[in-house]
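**Student:** The primary structure of each chain is shown beneath.
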Amino acid sequence: MGTTTTYREAIRASLRLALQRDPKVFLMGEDVGRYGGAFAVSKGLLEEFGPERVRDTPLSESAFVGAGIGAAIGGVRPIVEVMTINFSLLALDQVVNNAATLRHMSGGQIGVPLVVRMATGGGRQMAAQHSHSLEGWYAHIPGIRVAVPATVTDAFGMLQAALLEPDPVFIFEHATLYPMEGTLDESPVDLSRAAIRRDGRDLTLITFGGSLPKTLQAAERLAQEGVDAEVVDLRMLRPLDMDTVLGSVARTHRAAIVDEAWRTGSFAAEVAARIQEQGFDLLDGPVLRVCSKEVPMPYAIHMERAALPQVEDILAAAQELVGHHV
Amino acid sequence: MGTTTTYREAIRASLRLALQRDPKVFLMGEDVGRYGGAFAVSKGLLEEFGPERVRDTPLSESAFVGAGIGAAIGGVRPIVEVMTINFSLLALDQVVNNAATLRHMSGGQIGVPLVVRMATGGGRQMAAQHSHSLEGWYAHIPGIRVAVPATVTDAFGMLQAALLEPDPVFIFEHATLYPMEGTLDESPVDLSRAAIRRDGRDLTLITFGGSLPKTLQAAERLAQEGVDAEVVDLRMLRPLDMDTVLGSVARTHRAAIVDEAWRTGSFAAEVAARIQEQGFDLLDGPVLRVCSKEVPMPYAIHMERAALPQVEDILAAAQELVGHHV
Amino acid sequence: MDPSPQAMLKEMLRIRRFEERCAEAYSAGFIRGFLHLYIGEEAVAVGAMHALRPEDAVVSTYREHGHALARGMDMGAIMAEMYGKATGCSHGRGGSMHLFDASRRFYGGYAIVAGGIPVAVGLALADQLLGRTNVTACFFGDGAVAEGEFHEAMNLAALWKLPVLFLCENNLYAMGTGLERHQAQTDLHHKTRGYGVASEVVDGMNVEAVFAATRRAVDVVRLGEPFFLEARTYRFRAHSTADPELYRTKDEVEAWKAKDPIGTLSAWLKLEEGLTEADLRRMETEIQEEIAAAVAFAEASPLESTQELLRHVVAAPQLQEALP
Amino acid sequence: MDPSPQAMLKEMLRIRRFEERCAEAYSAGFIRGFLHLYIGEEAVAVGAMHALRPEDAVVSTYREHGHALARGMDMGAIMAEMYGKATGCSHGRGGSMHLFDASRRFYGGYAIVAGGIPVAVGLALADQLLGRTNVTACFFGDGAVAEGEFHEAMNLAALWKLPVLFLCENNLYAMGTGLERHQAQTDLHHKTRGYGVASEVVDGMNVEAVFAATRRAVDVVRLGEPFFLEARTYRFRAHSTADPELYRTKDEVEAWKAKDPIGTLSAWLKLEEGLTEADLRRMETEIQEEIAAAVAFAEASPLESTQELLRHVVAAPQLQEALP
Ligand SMILES: Cc1ncc(C[n+]2csc(CCOP(=O)(O)OP(=O)(O)O)c2C)c(N)n1
Ligand SMILES: Cc1ncc(C[n+]2csc(CCOP(=O)(O)OP(=O)(O)O)c2C)c(N)n1
Ligand SMILES: [Mg+2]
Ligand SMILES: [Mg+2]
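Residue numbers (my numbering), protein chains in the order written: chain C, 35 to 360; chain R, 35 to 360; chain D, 2 to 325; chain Z, 2 to 325.
Hints are supplied without guarantee of correctness; some may be wrong.
[Said to hold, decoys possible] Cut-off 30 Å, straight-line C-alpha distance, at most; resulting in silico cross-link-like pairs (DSS-like, lysine-lysine): (1) D:162 to R:77; (2) R:77 to Z:162; (3) Z:251 to Z:271; (4) C:77 to Z:162.
Calculated from the structure, these hints are not laboratory results.
For reference, chain C alone in the conformation it holds in the complex (with noise of 0.2 Å):
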C-alpha cells in the first residue's frame, strides 16, 4: 500500500482529485496557471481543468486572499496559493481581520471555508525578503487552522482533509520539502492528531514541516552515539495535540523544539511554555529550542547555514538534554 512519489507531486495529485470530485472547487494564485506554479505544483491542471478553475490571479495578495474568502463565503471551494508566505504579509489583514473573523462577527451566521497554501521557510539563498518561517504567527490566530505537512503523506491527505472543514484552513509547505521522494498513502488523514516519527525513550525532538528530515537526521547520529530519541511530528500548530507531546515527554522527561523561525517569538517558545505548563513535574530539565539565529536570512550560503538550525545544532541541543540528567 502507497506509491513513491514526490512532496510536489503528492500535492498536485491531492488538486487534481479535489478538482475532479467537487465542481465547485477552484484553484487561483499567482502563476498557478499557465506558469504551472511557481514550485510546479500545479503543473498540468490549468490544461486539464480549464482558465475557470486554474485561475492566474494579478499580483494582488490582498485582493485575490479576500477574494478567497468572499468566494467561500458564496458558496464556491477556493484554493487559494499565495506563492509564498513572504508574500503573505501583504494579505495578512484579509486572514486576521476577515477570514478569522467573520464567523464570531456573525455570530455564527457565516462560515468560512476556504483553503490557503503556500510555501515557507528558508535554506535556498534567497535572502531576507524571501526566507521566513512566520508560520507560527497563523498559528497565534483562533478561528483558522494551521496545517504543516513534513511528509508526502501529510502533503496530500491534509489537504484533502483541509476541504472538508468548514473553517479556514492554512497549509505551509515547506519549500525544500518539493522534490522530497516519500512513500504517499491515499488513505484520509486525521488532523487532530501529531504523529510519533520515530520512537526513542531518553529525549523527544519535537518538530515540524521542513525541519523534521534534519530532525530525523539527527536522531539517527543519536542513534549511533547510543541516544534513544523519540521525534514528534507536530502536524498542525493550530490546534496543538499536547497529549502526543506529553506523552512523549512523560516518558522521556527530557525534550528539545526544532523550528526554523527565529528564536523569540517562535512557535517553539509556545511548545516549550505548554510543556513546562502542563508537564512541569515530567522534565528533568528545561525545554530546549533549536531556531534560527535573529537575523534577517542573509544571501551567502555559509551565512545562511549558521543562521538556520542545522543538524549539529539539534545534536548540541540533545547532548545539553542528556548531559542535564547524567
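Let chain C serve as the given structure and place chains R, D and Z with the ligands on it in line with the hints.
**Tutor:** Showing chains R, D and Z with the ligands alone in chain C's frame:
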C-alpha cells in the same frame, strides 16, 4: 521632581519637545493634524508646527509607513503614527521586509532611524477587528526595537530615547492608558532595562503595557491576603531584559506572565520559555500565563471582560503558584 | 415597480430616528464601543437598496445601520446587537460595526477601511462561477479609495468581469481629513479610468436620483461588468462618538444640512404630491412605535452566557480547538 | 551633455555580457538563490540613468543588475555580491536581488514586488523637506502595477507633489502571467488618470528614446511633481533561473529579439555613424576584460566569517540585542 499629567499628555509633550528640538523631526499619520489624532495625542501640534511637520496622510498604511522608511533613509527623522495596531497589518510587509532588513541587506550601508507609534489592545468594546494585541509579533522581528510604555514617564521618555536610536523603534501605546494619570519624570529613560514596579518575595508577576495597572491591582489584593508579589514591567519586548526577570525569579521561585494577547503564540510564551530555559533550577513550579481567551474579541461587555485577562485571573494564577509550593 | 417617493421618505426617516435613538442610548451607556452615525447620508442607502433584488449581496462598512435597515433587517435585532444581547443580529458578538444577516445576504459591517471590498469581489466571483446573475453591492467611503485594497479589488473585478457594484459614499471626509487632503484626484469616479470600468456620479442627497443611478448601474453589473457609482453626500454628525469635529466649520455643516435628503424630499412631496403634516405625523408615530419596540426588545433580551464565550470561533468542531 | 549613442551601446553591451557571465556562474553553482536577468531590457536602464544626476536617488527591484551597472556601481563588487563574498556591494548579505550602493544613492534591490515604491516616495519626501531638488527614480515592472502599494504610493506622491519618477518597465509579463491576464487596463500609463499625474509611453527597446523621454520626465519631476513613464520592453530570458517558460511562444520571443536594443543600435551606428566591426570588437574586448577582472575579484575575495553573522542587524548597538 515630576509633575502630574496623563499618559496622553506625556506623549504629546514628548512629541512637542522632539519637534522643537530637531527641525528634521516630523510627524505623519492618519488624522494626526486637523483631527488632532484619533486619541487626541497630537492635538494642537499642527497649529504649532504647521502642515509640513504634522502631516495628515491618506488611508494608505503601507505607503506612509514605507514613506517613513524612505524618509528616514533620506536623512529626516519621521515619527509615523499608525492609528492602531489593527491597521498596522496593512503595513506589516514594509516593517518586516524593509524597515527591519535594509540595514542588513545593504551590508550596513544604510539604516532606518524611524519611530513608529501606535495604539494597541482591547477593553473598549471595539470588537474583533479593533481590539488586537499583536505587539508580540513585532517582537519576533530582528532589526527593530519594540517599546511598550506602561507609565507616564515611559510614555514621555521612551519616545525621546527612540529618537536617539539609529534603527526602527516601534512604540505600542495601550489605548486604555491614554487617560491614566501619573507623575512625569522627564529625565532620560534607559531602554535596556525592565523595571521592578513593586518589590515582593513570594512570586513574580511579569507584564507590560496595558496590563501593568491590572497586575499592580492584583498585587495589592494579594498583599491583603498576605502574599507578597513582585511586579516586573518588561518595558521593552525587543530586546528583552532577562536579567531583571531572572533576578526576580531567583528571589521568588515562582512566576506568572500577564499578557493581553491570545495565549497561543503570545509574547508570554516567549517569556515563559526563556525563564525555564535560563532559570529552570530557580523554579518551584511551572511559569504560568494569564492571557486572553482564544476568541476574536466579542463586542458585548460581559463577553469582552471574560475574554480579557482580569485581576481575578491574575489572582487565580498567583494562588496556583503559591499553592504549588505549599 | 419603482418605490414611491413617500415610501422612500419614510425609510429615510426611519433610519434617521433610529440613529437618533442610538445616539441617546450611547450617551446613556447602553451602547458602547464605536458608533458611527449615518445621519445625512440616508438617501444613499435607501435609494441604492431599492435597486437591488433579495438575491443580491451587500457588503458594507462600520457605518452601516442605514444599509442594514434599508436592506430589511429587523430593527429589534439591530438594536439588540448594539445592546450586546444574545438576540442581536450578530448575537452580540459584533456590535454596531458588525451587523450581519445572512438570510438577507447582508454580509456585514467591516471595520477595517476597504477590508470588505475584496470580500465583495469574492462573493461576485462565487456568483459568476455558479452561474447566478446576482449583483454584489459594496459600500465604502471616500477614504477607502486611498487604500491599496480598493485598487487591487477593482482591477480584479474588471479583469474577471465580476458583477460588483462599487458604491462609494463620498461624504468629503475620511474621519477628519478632507477629500482634497487625502486624494490627489478628488473626482473619485475618475479612478476607474485606470481600469476601464464605467462610472457615474450622483447627488447622494437625492434619494430618487440615487435610486435611478443605482438601477442603471445594476443593469450594467448584472450583465457581468463592475460599475463604480460615486454618491456625493455628507454626514451631519461627527465621524464617531469620539470626534470633537475640529476639522470643519459649522457653516459648512449648515450648508449641507440645507440639502438634507429628508427635508428636501418632504418639502417637495408637500408641494407637489399633497403630503400633509398629518401624513408626516403618522409616519413619525409608526416609526417611533417601531423604535420603541426595538428598544424594548433589546432591553428585555438576555445576555449570552459567558460559558458560550468560545462559540463561533470555529464551527461545531470537526477539529477540537485546543485550549490550554 | 547628451551621452553619445556609442557610449550607450557600450553600456548596454556591458550589462548584457555581464549577465551572460552571471548565467554561466549560476549554472556552475557560484551564484545561487534567484537570478533574474535583464537581458533584452538594457535600453531602459541605460537610457534612463543618463537622465539622472549623481545626487538623485534610485530604487529598483530584484531584476536590478542593469540598473546597478548603469548607475556606475563597481562590477567587481556586484559580482562578489552574487558570489556571496565579504567584498560584495552588500557584503554578501543581499545577493543578486539586493544590490546596494549608498555612495551612489542606489538604495537597492527590493524582492517584494512593489515593496520599493513607498520607500522611493519617502526618499523624495526627505528631499522635499530638506529643500533639495533631487529626483528619486523608482523602477518597477508591469506586475507591480496590480499591487495596492503602487496605488497608495502614487496617490501620496501626487498629493504631496513629491519628486518621484515612476518608471514602469512593462515587459508584458509578470512572471508567467501576461499583461492582459493581470491588468484590466493594459495601457499602464493610463493608471495615472486616477491621480492627475502626467505620463508618457516610450519604446523601451530604443535607448535614445528612453533617454529623451526620461529627460523630459525628470525635468517635470525636478520642479516638484511625480511623473509616470512606461517603457515598453521585453525580457529575452526566462523570468528567473527556475522558469520553464511555458507561457509564451518561441515566435513571440524571436519577434522581440528582432528589436534587440543592442542589435538595432549597433546596426544603425554602423550604417549612419561609421561604427566598424573593429570598434565593436574593441568594445567587446574591454568589456570582457572588465568582466574577467570582476570574476577574478569575486573568486579571490574572502568570505565573511560566520562570527560576524549578527552584524548589521542593528547598528553598533546603543541597545544590546538580547540573544538567548
Ligand atoms: C485600514 C484602516 N485605517 C484606519 C482606520 C480608522 N478609521 C476608521 S473610519 C476612518 C475614515 C474612513 O473614511 P471614509 O472611507 O471616507 O468613510 P466614512 O467614515 O467617511 O464613511 C478611519 C481613518 C480604519 N478603520 N481602518
Ligand atoms: C508581493 C510579491 N508577490 C509575488 C512575488 C513573486 N514574483 C517575483 S517577480 C514576479 C513578477 C513580477 O512581475 P513584474 O512586476 O512585471 O516584473 P518583471 O519580473 O517582469 O521585471 C512575481 C510574481 C513577489 N516577489 N512579491
Ligand atoms: Mg468619508
Ligand atoms: Mg514584467
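**Student:** Please go over all the hints and tell whether each is borne out by the structure.
**Tutor:** Do the hints match the structure? See the list:
1. With a C-alpha separation of about 46 Å, the suggested pairing of residue 162 of chain D with residue 77 of chain R is violated against the 30 Å cut-off.
2. Restraint check: the Cα-Cα separation between residue 77 of chain R and residue 162 of chain Z comes to about 26 Å, which is no more than 30 Å; the hinted pair holds.
3. Distance check on the hinted pair: residue 251 of chain Z and residue 271 of chain Z sit about 29 Å apart at the alpha-carbon level, within 30 Å; holds.
4. Between residue 77 of chain C and residue 162 of chain Z the CA atoms are separated by roughly 46 Å; this puts the pair beyond 30 Å, and the hint is violated.
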